[in-house]
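Q: Chain residues, written in single-letter form:
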Amino acid sequence: MTSVALLLPLALTMGLCGLAAFFWALKRGQFEDLDGAAARILIEDDEEGGVER
Amino acid sequence: MLLVPAMHCAGCLGTVERSLAALAGVSSARVNLTARQVEVRHGGAVTVPMLVDALAAAGFASQPRGEDLAPAPSAVRALLAPLAVAGFAAMNVMLMSVSVWSGAEGATRELFHWLSALIAVPAIAYAGRPFFGSAARALRHARSNMDVPITIGVLLATGLSCYETVTHGRDVWFDGTLMLLFFLLAGRALDAAMRDRARAGVDALLREAAPGALVIGRDGGAQWLAARDLAPGMVMRVAAGERLAADGTIIVGTSRFDRSLLTGESTPLPGTVGEALLAGMLNCDAPVDVRVTAVGQSTTLAEIAALMAAAGQHRSRYVRIADRVSRLYAPLVHTLALASFLGWLALGAGWHQALVVAIAVLIITCPCALGLAVPVAQVVAAGTLLRGGILVKDGSALERLARVDRALLDKTGTLTMGRPLPDPAAIAALPADVAQVALGLATHSRHPLCRALAGALAAAGYRAAPLSDLREVPGHGVSARWQGLAVALRRPDQPEPRLTSLLTIEQREAWLIGFADRLRPDAGDALAMLRALGIEASILSGDGSGAVAAIARLTGLAAEAEASPVAKQQAIARLQAEGHRVLMAGDGLNDAPALAAADASIAPGTASDAGRQAADFVFVTESLLALPRAVVTARRSMRIVRQNFTLAATYNLVAVPLAMLGLVTPLIAAVAMSASSLLVVANSLRLGLPPRLPRGAPR
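Top line first, the protein sequences correspond to chains A and B.
Following this note's numbering, the numbering of the first sequence begins with 3 at its first residue and continues without gaps.
Following this note's numbering, the numbering of the second sequence begins with 8 at its first residue and continues without gaps.
Treat the hints with care, since some could be wrong.
To be verified - Examples of chain A residues lying across from chain B (beta carbon under 10 Å, computed):
{"id": "1", "residue": "L8"}
{"id": "2", "residue": "A13"}
{"id": "3", "residue": "L21"}
To be verified - Examples of chain B residues toward chain A, derived with CB under 10 Å:
{"id": "4", "residue": "A17"}
{"id": "5", "residue": "N39"}
{"id": "6", "residue": "F95"}
{"id": "7", "residue": "L519"}
To be verified - Ranges between beta-carbon positions, derived for each pair:
{"id": "8", "chain 1": "B", "residue 1": "P338", "chain 2": "A", "residue 2": "I43", "range": "47 to 55 Å"}
{"id": "9", "chain 1": "A", "residue 1": "W26", "chain 2": "B", "residue 2": "Y170", "range": "30 to 38 Å"}
{"id": "10", "chain 1": "B", "residue 1": "L526", "chain 2": "A", "residue 2": "A22", "range": "52 to 60 Å"}
{"id": "11", "chain 1": "B", "residue 1": "E282", "chain 2": "A", "residue 2": "A27", "range": "56 to 64 Å"}
{"id": "12", "chain 1": "B", "residue 1": "A435", "chain 2": "A", "residue 2": "L28", "range": "52 to 60 Å"}
{"id": "13", "chain 1": "A", "residue 1": "G31", "chain 2": "B", "residue 2": "W108", "range": "39 to 47 Å"}
{"id": "14", "chain 1": "B", "residue 1": "A132", "chain 2": "A", "residue 2": "A22", "range": "42 to 50 Å"}
{"id": "15", "chain 1": "A", "residue 1": "F25", "chain 2": "B", "residue 2": "A68", "range": "49 to 57 Å"}
{"id": "16", "chain 1": "B", "residue 1": "G166", "chain 2": "A", "residue 2": "A22", "range": "23 to 31 Å"}
{"id": "17", "chain 1": "B", "residue 1": "G51", "chain 2": "A", "residue 2": "T15", "range": "43 to 51 Å"}
{"id": "18", "chain 1": "A", "residue 1": "L28", "chain 2": "B", "residue 2": "S34", "range": "48 to 56 Å"}
In short, the hints are calculated from the structure, not lab data.
Heads up, the beta-carbon is just placed ideally off N, CA and C, and yes, glycines get one too.
Chain A with its partners taken away, still in its complex shape (with noise of 0.2 Å):
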């Protein structure tokens, strides 16, 4: 029982934690442009005149 009292708590704060961090990256745009984070992991950044964040 006192494992279930320590266990039960920390899956659901975990599963909280993933909830908000969807809810997050929501809310931030993460998923307006999937093609283009598709894409981007291609381009080279360190390449001189690089491109500005």
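Add chain B to chain A, keeping to what the hints say.
A: Just chain B now, with coordinates in the frame of chain A:
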């Protein structure tokens, strides 16, 4: 905010961002690849034309985005948050349910039930809103849809589970209810994702055509105005290769005008001072100044748009297959649940036990697999088509296309490429060094013939020869010097019967290059395949009978020529009255009413704005094979949808009797629900396999 329609890969993205960020005064440039646009933050010193020029130097055509062109809000985003909540709650509640199933007793079970209720009730209230809202709307109009049985099932199951929790009962159904919501939301989100994706693609195409004109003021200054800001009396300068943004009369200059967008007629007509022009015509040869006579709602364009809007009514009456099934399904399920409730009461069971059985029936029959059956199959089919260069506007288009048995094809731009292309024999006859000179000259002009020639030569593997002293005389041609020799690509001295360019090099013979509109590649194979699919095709064109007869002979199809937009619409109505389901393939504005009236419609990516908007499918490949491919995929997706329905029905045949006998526990319900959903998804994924095209009759 600039639109850059040609951007489609990481390389383009990087180039666009870098070339804009390199400008002084630009603080940031961020591309949205899905919407094909770039957002630029800049200081006051930077103007929009500077940005457009910077992009043009990097090789990308762009235009500022008008406010009214802002993309509609995504349908998926509204579903993402409920989906995440349902997923989170389903997982956590399932965690506790598993411990209850594996034998938690007494106080532990009580605790787990209370925790489940604490998580599930708010989660269901939040994640179920899309269904509750839709069901309420349907009931208010005294109709029923898929959401009504879902809502009733979810609400009853939640209510019963709360009651069980409070009264220390043995079984609660929170896990099954949440899982149901999660699966259904996943189906909805997929459906919405498909529509979003297609719309983004079509929007990007739509914005490519610049609706506006260069207006010359009284002081001689030129200013680019959007089409809606034009007013009668203004003078617009229309460059060669540009479309007219409004009706008007020529006041300066002589040129030829392609009116195929309006009438389907392929031969450009000459026009000189005093000639009346219509919005949508393409200026072929030389720049002209045009005094605007009519704009906006009073143009010929707008009249055709009104016809189109009226035609769209017919199609909106189509009832999607999922709704047709649920019309049969919902009353059946509710009757069964009610029957088991009454049956158990009659057999002497208590209220509580009878209600538990009835709710078990409702939960087990909840159309979980049904909710996934259609969207998953259609999303996979749309993805397959997208990879093949065909955009699908929405799922119902696939359902309608699958039933088509008659096809009407427009000629210019649909069966043919819709633009003049150089004669392949003339290209092949050019010596290599001459071809390189021709390519060098052609790339320096924006004239339609030059662009077509440049495209053909580049495709043949030639590189442009280095030229100097390049000069373009509008309406005449391009000239330059090559290795000290004068070279030119210009209109021939004597008038030729068809569109022709003359290539001259000092001290050498001259070459004539003829241009003509040509059949799309694979047109013959595509038509043979359509025939093999049981679809009879014929030509329905607005062009003159001579030009249509030539194409009809080449393709072996029956043809109707000189059809006005209204006549095209009537031809479709006639076939529909005979019981045919008609597929219309067309591109021009004159086809748009017919595209909207047909049971299903497809337009090439080069089509007019109106054509692309009216069509269900837009294919961006050059090959006409897109037509049979779309039909084959649509029919396959419908086959899979029917299989999915059969799977779901079989599952119900087994599960419902068990539920009615009171043998179903929450554990069985959860397992059965996930198993049937996974089966349906797996079956739908088979659509992702490459399609088998029917073999056409050998020609």
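Q: Any hints this thing doesn't respect? Which numbers, in order?
A: When the structure is compared with the hints, numbers 1, 7, 14, 15 and 18 turn out to be violated.
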